[in-house]
Amino acid sequence: MDFNLPHEILQMQEMVRDFAVNTVEPLAHEIEETNRIPDSLMRQAAQLGLFGLSIPEEYGGVELDMVAKCAVYEALGHAHMGFGGVISAHASIGTTGLLALGNEEQKRRYLPRMASGELITGFAITEPSSGSDAANIRTRAEKRGNEYVLSGTKHYISNAPIAGLLTVIAITDPSQGPRGLSAFLVEMDTPGVTVGKIDDKMGQKGALSAEVIFEDCAVPASALLGEENTGYREALKILTNGRVGIAARATGAMERLIELSVNHAKLREQFGKPIAEFQAVQFMLSEMAVDMETSRCLWQKVAWMVDNGKNVGKDASIAKLHATEALSRVADKAVQIAGGMGYIKEYPIERWYRDQRLLRIYEGTSEIQKLIIARALLA
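One point on numbering: in the UniProt record's numbering, the residue at position 148 of the sequence shown is 148, and numbering is uninterrupted.
Treat each hint with caution, since some may be false.
No farther apart than 25 Å at their CA atoms in a straight line, the calculated lysine to any residue pairs in the SDA-like style are these [said to hold, decoys possible]:
(1) Lys-237 - Ser-130
(2) Lys-266 - Val-290
(3) Lys-201 - Lys-310
(4) Lys-370 - Gln-282
(5) Lys-310 - Ile-373
(6) Lys-370 - His-322
(7) Lys-201 - Ile-373
What follows is a list of derived Cβ distance ranges for each label pair [as the list claims (entries may be wrong)]:
(8) Phe-3 - Asp-39: 44 to 54 Å
(9) Gly-164 - Thr-294: 37 to 47 Å
(10) Asn-22 - Ser-286: 21 to 31 Å
(11) Asn-263 - Arg-138: 26 to 36 Å
(12) Asn-4 - Thr-294: 12 to 22 Å
(13) Glu-58 - Gly-309: 39 to 49 Å
(14) Glu-277 - Val-21: 36 to 46 Å
(15) Phe-3 - Glu-215: 50 to 60 Å
(16) Gly-145 - Glu-215: 18 to 28 Å
(17) Thr-23 - Pro-174: 44 to 54 Å
(18) Phe-3 - Pro-174: 41 to 51 Å
Hints are computed from structural coordinates only; laboratory data are not their basis.
Since this is a predicted model, take the numbers as computed values, not measurements.
Think of the CB as a built atom: it goes at the ideal place given N, C-alpha and C, for glycine as much as any other residue.
Construct all of the structure, not just a fragment, from the sequences and the given hints.
So this is what it looks like as C-alpha cells:
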C-alpha cells in the first residue's frame, strides 16, 4: 500500500488549505453575522476551481478523481464549515447525478456554468414525510404530453436559496413504490417553483437551506435525468458517494481543532505551567489524534474504492459514521481544553462545536449508517 498522494494533489490540497485558513477563516465572523458567504469568497472559490471539482475539463472543470476531490474536501475542513457546505453540496451531490446520468445536451447546457460558479446546484430529495425514509417520497411528476408536471414539497434543501438548478427526485409511477421514482433537472426560475423561508439553523451559517415547493411546475421531458423510474437507485448512489466527502471534511475539521487545541495548551498556564504539561490534557490530545488519523485512513480507502469501481455501500457508511462521530468527540474535547474560552463566540472552537453537529444528520444519519452496515453484514 502506498499512502503518498500524488504531488499535484498535494499541491492543490495545500493551496486550498491556505485559502481556507488565510482567506475564508478571517471572514468567519462576517459569515456568522450575515448568514451569507461573501461574493468575494465565491469568486475566489470559482477561480480556484472549487465549483468544478467533479466536472470534466472539456466542460470547464478540473475533473478530480474521488481521492483527489476528498483531499480538497479535507483541506476545506480547516475553514468555516458553512463555506465548505456550500462547495460540497454543489460539487458533490449537486453535480454527480448530472455527470453520471446526463446526456450530452444536458451536460453542455449546464456543466460549463456549474464549473465556473455561475450556476449553483443542489440535490432535492428530503421531504416533510421522508427524511431517512427516502422511499416515502410524495412529490409527484406526472407525464403530460412532452412535459412532466411536478407537485410537492421538499425541505432542508442545501443551496436552495442560491441555486439555479436542482436535481429533484419525484414519483413517476406510484404503483412501483420506490422503484417508481425518477430524477429531474429543474431550473429554479421555472414557473411553479417557490423557495420558502431560509432555515434558521443552529450552525453552518452561510450554508443556506430552505423548503422548495412545486405547484403544477411543468418541465420539458428533456429535464428527465437518466431513464424514468430509476431515480431511487441513482439517488442512493449519489448519497453513498457523497458520504466519503463528508468523512474527508470531518477529518480536516478535526485536524484544525487539534492545531487550535495544541496551540492553546502550550500558551495557557495554570498552577505555574502550561496546561500542555498536564497528563489529562495530553490524554485528550492523544485521543483526538487517534480519531483524526483513523478517519483519514477510512476516507482514503473508500475514495480509492470509488475510483476503482468497487461497491462502497457499506464502507462509505463506515467512513461517514466513524468520521462524523469522531469529529463530535474531538470538538467536545477541544471545548474542554479551551475551558471558558471554548464557550465564547469570539473563539472559533465554539463555532466548530455547533457546526459539526449537522454532519451526523444530513446525507444519512448515524443510525441509518449503522443500519446499512448491519444489513451488509447480515446479507
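Hint by hint, here is what the structure shows:
1. Lys-237 - Ser-130: holds (18 Å)
2. Lys-266 - Val-290: holds (20 Å)
3. Lys-201 - Lys-310: Not OK: Lys-201 and Lys-310 at ~36 Å, beyond 25 Å, violated.
4. Lys-370 - Gln-282: violated (31 Å)
5. Lys-310 - Ile-373: Given pair Lys-310, Ile-373 holds - Cα atoms ~16 Å apart, limit 25 Å.
6. Lys-370 - His-322: holds (10 Å)
7. Lys-201 - Ile-373: It is violated: about 29 Å lies between the C-alpha atoms, which goes past 25 Å.
8. Phe-3 - Asp-39: 44 to 54 Å: At 39 Å between Cβs, range violated.
9. Gly-164 - Thr-294: 37 to 47 Å: holds (39 Å)
10. Asn-22 - Ser-286: 21 to 31 Å: holds (29 Å)
11. Asn-263 - Arg-138: 26 to 36 Å: Given about 50 Å between the Cβ atoms, the range is violated.
12. Asn-4 - Thr-294: 12 to 22 Å: holds (19 Å)
13. Glu-58 - Gly-309: 39 to 49 Å: For Gly-309 against Glu-58, whose Cβ atoms are near 22 Å apart, the range 39 to 49 Å is violated.
14. Glu-277 - Val-21: 36 to 46 Å: violated (27 Å)
15. Phe-3 - Glu-215: 50 to 60 Å: holds (52 Å)
16. Gly-145 - Glu-215: 18 to 28 Å: With a Cβ separation near 19 Å, Gly-145 and Glu-215 satisfy 18 to 28 Å, so the hint holds.
17. Thr-23 - Pro-174: 44 to 54 Å: holds (49 Å)
18. Phe-3 - Pro-174: 41 to 51 Å: Once the Cβ atoms are compared, 49 Å apart, the range 41 to 51 Å for Pro-174 and Phe-3 holds.
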